[in-house]
Amino acid sequence: MSMTADLLDRQPQTDARLGIIDTDIHPYMKTPRDLDPYLSARWRKYLLEYDKFVCGPYAARGTYPRFQPNTCRRDSWPPGGGLPGSDVDFIREQHLEANNIAFGVLEPLLNANIARNHDAAAAFCTAMNEWQKQTFYVPEPRLRASVLVPQDDPDAAVKEIESRAGDPAFAQIQLGSKTSEPLGRRRYWPIFAAAQANGFSIGLHIGGTQNSAPSASGWPQFYIEDHHMLVHSMQNQTASVILEGVFQAFPKLKIVLIEGGFAWGPTLAWRLDTHWKKMRDEVPQLKRPPSEYMRTNVWFATQPVEEPENPEDLRQTFEWIGWDRIVYSSDYPHWDYDDPRQAWRIKLSEAEERMILRDNALQVYNFG
Amino acid sequence: MNDPASAVIDCDIHPSVPSVKTLLPYMSEFWQESFVARGIDGLDLQSYPPGAPISCRPDWRPDKGKPGTSLDAMRAQALDPFRLGVAICNTLYGGQIAVSETMGAAVCSAVNDWIAAEWLDKEPRLRASIVVPAQAPLLAAEEIERKAPDRRFVQVLMPVACEMMLGRSYYWPIYEAAVRHDLPIGLHAGSMYRYAPTSTGWPSHFLHDYVAHQQTFEDQLLSLVSNGIFVKFPTLRVVFIESGVTWLPGFIWRAIKTWRGVRAEVPWVKQSPAEIIRDRIRLTAQPLDAPPDAKSLDRIIDQIGSDEMLLFATDYPHWQFDGDEPLPPGLNPGLIRKMRHDNPLATYPRLKETLQ
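First to last, the protein sequences are chains A and B. Mapping to the numbering used here: the first sequence position 160 is 160, numbers consecutive. Mapping to the numbering used here: the second sequence position 167 is 167, numbers consecutive.
You may find that some hints are simply not true.
[Stated by the list, open to error] Derived Cβ-Cβ restraints for the label pairs, each shown as a range: (1) A:Lys252 x B:Glu101: 30 to 38 Å; (2) B:Glu145 x A:Gln248: 51 to 59 Å; (3) A:Gln68 x B:Gly228: 17 to 25 Å; (4) A:Arg341 x B:Gly261: 44 to 52 Å; (5) A:Arg341 x B:Arg180: 52 to 60 Å.
Note that these hints are calculated values from the structure, not bench results. Beta carbons: idealized from backbone N, C-alpha and C, even for Gly.
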C-alpha cells in the first residue's frame, strides 16, 4: 500500500474522523541562520549583509504592520521557544493531531522567491526547498513542501522544478499572488510548461513582490485596506492567465488560489464573460468563454472563509463556483486561522464536507 | 417630457469633446495660445479609446468622427427611445487626467462651460457633472465653487484611479466643497494611469484593463471607509459609475470580516462597513455584470441588501447592452421603478427642484 493510502486511512478503528488535507500551513525558521547549511559561502554572507533585499520600505519587515506578533495566533508559540510554525513537534500536536490532518502543504512566506537579485532568489529558493524537506517532511511526512522558484528567472525556475520532480517531499509549486508582471505573460510560460510536464499544480498564495502599488490609485494607508486588497491581486492573476491563453496552451495546468477569498470568483467570471462578448476579437487565443477556463483549471482554498451576512449565501457561493473547486486551508499558525470544524456557519452534508476537506485536494496535489 | 413625478432618470450619459479646438472659446487667452502654438490635441482617455468597442455601441457609431459628439444623435438614440426625462452628462476628457495641475484645471473649466453652453442650454432634459482636476484638489474645489451656482450641475465627477487613494486628506478640499453645495461625488471608471492598472502590473489586454476597474472601485471604497471620510463628512454621498455592481456583496462580506478582526486600527470607523456602504454609496447599474440566469441575479440583488443603492443608467453611447432594454431580465418591477426615479432623485438633491 502506498504511503498516500496509509496516511489517508490511518487509524480507522480508533478515529472515525475524516483525514483532512490542509493546503496552507506556514513554516518558519527557528533562527535566521537556518538556511546556512543549504547555502554557499557567498550567499551566507549576502544574507547576513543584505537579508533578502526585496521591494518595499523596510529592511526586515513588511510594509503594513500586523495586529499580532509575527501575524500569528497567540497560542501558537511553541513552549520550547522559537517562532510559531518552527517546531515540528508542536505543529504536530497543536494542528496535525488535533485536527486529524492527513497532509499539510507548507507555504513558506519567507521572501526567497522575491529577492530583487535574481541569483540570490535562485539560491534562496533552492536552500529553502531543501530546508523544508529536511526540517519538516523528513521528521513528519504528513507535511509536504512547496517548490519555491525564482519566478523572474524562468530558466533557473525550471531547473529547480525539474530537480524536485518525482520527490514525494514536494506537493506543488508555489508562487506569490503578486509577480513582477501579470502572471499570464509569456515570460512565465516556461514555469507553466514545467509544472504541467512534471505533474505539479501551482499554488498562488497571497503576497509576493511589492514592486508595484496595491491599487491603480496607489498605496493604501492601513493594514485593514491592504489585507483586503491582496484579494485583488488574485483576481488579476486569474484574469491574466485566462486572457493570455495560458490554459489554452497548458490545458492540464492546475492553479490553486490560496488565501485570496472566493466570493469574487463567480462575479469575476460573469464580468469577464460579459465584456469578453464585446471584445473577444482582442483575445482570439481564447476558444471558450473566460468562465469556462476558471471552471476547469482553477481551485479556491477556503481560508479566510467567506462569511456572508446570510449564512446560506455561502452555500450559494460554493454552488456558483462548483463544489469540486474548493479545497480546505487552515493558514496555521496565522491569526486568522480557520478550524476545519468551525470554519463555516452552515451545515454541510457529509459528501460536501468530504469533497472540501479531502477529496478535491487529492485531484489537485501530488502526494506521491 | 413625461410626468415629472415618474420621469426616467439616466445617471450616466456621455457627451464627447470633439477636439481641443471645440474648447478654445472657453479658455483664457494664455491657454488658447498654448494649445494652438504647442499643437496639443488628442486628450481622449486611454481608458476609453474612441475606436474601442466599449466606447460606442456598433449601431450607434457615427459614420465619421468620435461617438457622443452630436446632440441630435443623443436625442435620437438615447433621450427619445429610452424616454428619458433627465440624463446626467458625465464628460470624460483629458483635463481630469492631465499631469499638469494648471492645464488640467483649464481643460476642466472649459469642459464645464462648454457643456453648459452647447448641451444644457440646448436640451432641457440634460444635467451635468462638474468635472474637476483631482490632481489639484485646491483648484478642483475652486472649480466646484465656480460652477455650483448653476443648478443644472448635479454632481462632482472624478476618475476612480487617481494619484492617491481617495480617502487621503489630500483630497478633503474637494469633499468639503462638494458637501457645501450638497453635491455627491461621482467616481467614474477610468484611470490617470499614475500606477499600473492592477496590483500585478500592466495587463496586455484592454479587456483585462477594463474588467480590473472593478477592483479599483473596491480599493477606493476601502480607502474612503477606512480613512473615516463618511464620519468626517456626514452628508457626503459617493456614486460609483460603471463599476459592474455584482462585486458588491462579496466585497461587503469581506469588509465586515476584516473590520471585525482589525477595527482597532481605525477606531473612528464605529459602524459596520456594511451599514456605511448601504447608507452612503450609490451605484449606476450599467453595466450590471449579471450571472447568466435571472434567479442568480435575483439572489445577488437580495445580497446587496438595499433597494436604494442602484441607479438606472444607459451609459450611452458606450456599448453595454444591445437592443432597446438597458436592464437585464429578471429584475423586479418595484426595484426598477426605484432605480429609474426614486433613487436618483434621493441621490441628486438638485434634481428635485425640477422633478417634484
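> Honestly, do glutamate 145 of chain B and glutamine 248 of chain A meet the 51 to 59 Å range at C-beta?
Replying inline: 54 Å, holds
>> Range first: 30 to 38 Å. Now tell me if the beta carbons of lysine 252 of chain A and glutamate 101 of chain B are that far apart.
In response: Given about 53 Å between the Cβ atoms, the range is violated.
> Honestly, do arginine 341 of chain A and glycine 261 of chain B meet the 44 to 52 Å range at C-beta?
Replying inline: 20 Å, violated
> Do the Cβ positions of glutamine 68 of chain A and glycine 228 of chain B conform to the proposed distance bound of 17 to 25 Å?
Replying inline: Taking Cβ atoms as reference, glutamine 68 of chain A and glycine 228 of chain B lie about 24 Å apart, which means the hint holds.
> Does 52 to 60 Å hold as the CB distance between arginine 341 of chain A and arginine 180 of chain B, or does it fail?
Replying inline: The hint (52 to 60 Å, Cβ to Cβ) holds, given that arginine 341 of chain A and arginine 180 of chain B are roughly 54 Å apart.
Going down the numbered hints, you'll see the structure goes against 1 and 4, while the others check out.
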